[in-house]
Amino acid sequence: MRKFLIALGILLALALPGQAQETGTTAPQSETAQAELTGLAAVLAEYSKEIAKPSRRTIGPVIAAIASSGEGASRFLQAYADKGVGQRESDGAFFIIQKKGSDYELSDPVTGAPAGTAPKSDIKEIKPNSGVRAEIGAALVRFLLSDPDPKKRREALTAIERDGEASHLDPLRASIPDEPDPAIKAEKERLERLLTIRFGKDAAERVAAIESFGSDLGLDFRATLNPLVATTRKAFAGAPEGNVAKPLRPGKDIPKDEAYAMLVAAKMAPERISASAMQQSLAANVVDGTVGGLPLAEMSDPAKREEAYATLAAAGTVPQRLTDAEADTLITDHQYADLYAEPDPAVTTAAEAALTRVGRTVAAMQTVDLGLDALSLASIYFLAAIGLAITFGVMGVINMAHGEFITMGAYTGYVVQLFVPDYTLSILIALPLAFAITFGAGVAMERLVIRWLYKRPLETLLATFGISIALQQLFKNIFGTQARPLTSPPWLDGAWTLNDVVSISYIRIAIFVLALVFLALYLWVMRRTRLGLEVRAVTQNPSMAASMGINPDRINMLAFGFGSGIAGIAGVAIGLFAKVTSEMGQDYIVQSFMTVVVGGVGSIFGTLAGAGLIGVLQKGIEWLNPSNTLAAQTYMILFIIIFIQFRPRGIIALKGRAAGD
Amino acid sequence: MKPGFLAKNPSVMWFLLILAIFTLGVTFLSHAYGPGVISTSMVKTLGKTLCLCLIAIAMDLVWGYTGILSLGHFAFFGLGGYMIGMWLMYERTRDIVLSSAGSFPMTPQEVNDAIGTQIFGVVGGSELPAIWTFAGNLPMQLLFVVLVPGLLALIFGWLAFRSRVTGVYLSILTQAMTLALSLYLFQNESGLRGNNGLSGLQNIPGVSAGQDQLSVWFLWASAVALGLGYIAAAFIVSGKFGSVIRGIRDDEARVRFLGYSVEGYKLFVFTLTAVIAAIAGALYYPQAGIINPGEMAPIASIYLAVWVAIGGRGRLYGAVMGAAFVSIVSSWFTGGRVPDIPLGFYTIQWVDWWQVLLGLAFVLVTLLAPKGLSGIVDLLEGIRSPDRHGDPLGPDQGSLQQKEAQE
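Residue numbers (full-length UniProt numbering), protein chains in the order written: chain X, 1 to 661; chain Y, 1 to 407.
Incorrect hints may appear among the rest.
35 Å max Cα-Cα, derived DSBU-like pairs, lysine-lysine [unchecked claim]:
id, chain 1, residue 1, chain 2, residue 2
1, X, K246, X, K304
2, X, K124, X, K185
3, X, K267, X, K246
4, Y, K8, X, K579
5, X, K476, Y, K8
6, X, K152, X, K120
7, X, K53, X, K127
8, X, K152, Y, K8
9, Y, K240, X, K455
10, X, K99, X, K124
Rather than coming from a laboratory, the hints here were simulated on the basis of the structure.
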């Protein structure tokens, strides 16, 4: 119905403008009011009843008439859609009205000139319903597309993009040559091609439009193509008719049950009595412990059930049931196929080819996107693990409370944000503060616990684990169990979008940069400073280092504090995108140890390689099995366990004396 | 004449005696066989504690005696529980299905489908996965209790020991294995009901006795298993085998140079303790009534190490003492039965602060009392370790300390 009305509207629109416009523009305004009515005024007079009581069924031709009536048409339609048109009760004249106090301010619908005010009681407001407004909107598009205001033109384009119709195609084409703004012009041209694909007048035009896109990545292109290649499944008594996408063989391409269900749905086969229905009728016909002459106890055998049912059916107590063989014959006697909704095979072939092309490009882009994701995950693991690379990798101390230092850093950020409302400033304060606090915690832990256990690594593991559970519970007691927000500064919101497939959020980029900064900081501290020299000396040979005047106790303390401090900063960074809870450190601790172990203990580049490997691996496995991140982690850990079989000392293994034991 | 096994291991007699007295005491104070001084839930808690003591013995064997700090034994414990849980759940569901089916007999296919829908409806499935093939077969599932964790430990241990992963690396690796296993079980696709786990395990199919009696029977079974486990462990560590594994703990390289197959010994102990852990789990979870993958998280295995460390490593009764002490004290504290301490500005509620206390206690035990609770026994017997404090006399590890040299 609606399509018919639209078509009618277009016909009218094409027929009317010739004279209407000419007379409308040339006739002096003063005359139009009294004498012969032309243009919009004439249309308004002619259709006054339909306009005053608009309904979706009747409004189509009216709108078409208004739209083609020349001056004032767009203004009137706009006001009409915005419920800004009123009718004077006394003479039935239409005005564009605007509320002013208790009165309405009137303006002439044709010229837009003010026409005085009128009290509320004199004017009947016209309120078209949403269906009518949608029709009006479609008609307005034509005016909007060549509106002098570029913003309006864009809005119109968006509206067409969202809900395009065949009727849009001509006005859109007409508006392209006069478009002054090159960007909008490009958009219009693109939209024109998209609409041509959908509504073009012949196959050649549509195929050409499809080809013109090449392997365009735009979602709109794919959204246009997908309905073209959508298929429905159908059963046929003879050869399949219509635009066949793929013939289906029962038992191979589709299960036989499904084929039979299709036959039933198409009323080509009788409905089969299901197994449960059969069981019910059998149960209803138990006589003296027997069913159809067979003892009830034998009914647990499906073959016996069939037999009993056949006996009952022969006796006429239950309806006949199609045997499997008969059903099979029915299934094989028919043919099945997937049919395109689009009848033209040339278009569907072109669309399929285009989708394949696009699919290839999308796959390539997804690989890039996956690479970016993996890189970002790797930098997160690297950040979480770099502190461990110092305490575990260089000093050989297993610190199970490392995860809690990460949490501590994140909570520091949260507390700072409670006092400093500016997010940028608070992050700038939180980063050094988190370092200071976790540095202090690390030094305290080293002094109080770890230094007594340097020769007993397993016990270090246990003692630091004790600290870890105590700290975790302490966080829970202080901050509660619910997640605390750590908000990133506004300039980190949003994402860097390359195209519809590849995008990466700024926060992840920031973390990547932060990871690079820390890599540089680590290298600088360990290779260029006195502290780094002494740390390396103490790690290699504490007694010799002590003989050279280095105080091993002090160096151990500082190195441990440094590693812990970096964990704190990592905590702030991780807290920006993950939930800050008392257990967040736990999520990273095993992966962090894995990163260090896989990479190779004692080498920062090993840690980097380990983080990269784990990041790529996890994302890769997630990509293979996208619904399941848990499985990805499982397989990743399995891979690591096997990897360690072949390189027990990690990717970059220290050799010689530096390797220690 | 060589002294007999019991003479060499006086602790075994004492242990069995105390265990027997404990079991009889609980039995005659329970609801089922006595005045009911001990509630049924308390009997269950005690029975579960016995199972935890058994896995603590396993942990002590592998860590205290062999020096492998495994952070994965709770995974074997959980696997054992899952294996027995599958049978319990399958049989129970089958009973329910059959009793609700009415008089018309069902085909085996229908029974299976109905059970599948019952069990897996909660995770949106309706078919029994392949791993449930033998779920209706008790002897097979009992065999699996031993076989599945045993094989897992064997393969994992073979891979790990073969490539000479030792010390903290091995600990991290076992922890990773546990994490992988629990993450795997958390998925619905694992075929073990994802994070819902298996439930309703406290009902034993085919047994009409109530929970009062069942709980006592399970207590007996746990006590017998613990007693046998203790004897077996004592037997293993008392002979030449025990000397070798202690040697591996103290200096693996030297034992290897003496010609022993260190990997073989380690693998044996690792697998055996995994099996003991699995048996403990198979006894534990019918008493707990529910098992889910959360139980197998790496943290559980670390707690196991905590118990053994607090009890005292390297002696079997130490492990038992630690497990019993910590789990009973823990249930006392977390049960809210310990009075709060008002400090005026803040009230210490032990439900919240118990973990902090446990963590700190653990640090203190590690630092100050490496012998743990079983040091008390030494104190009673008057055994004192040499005072080795003071500055080292030489640069190497294990060098004589100042005070030792004075004598």
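Are any of the numbered hints broken by this structure? If so, which, sorted upward?
1, 2, 4, 5 and 8
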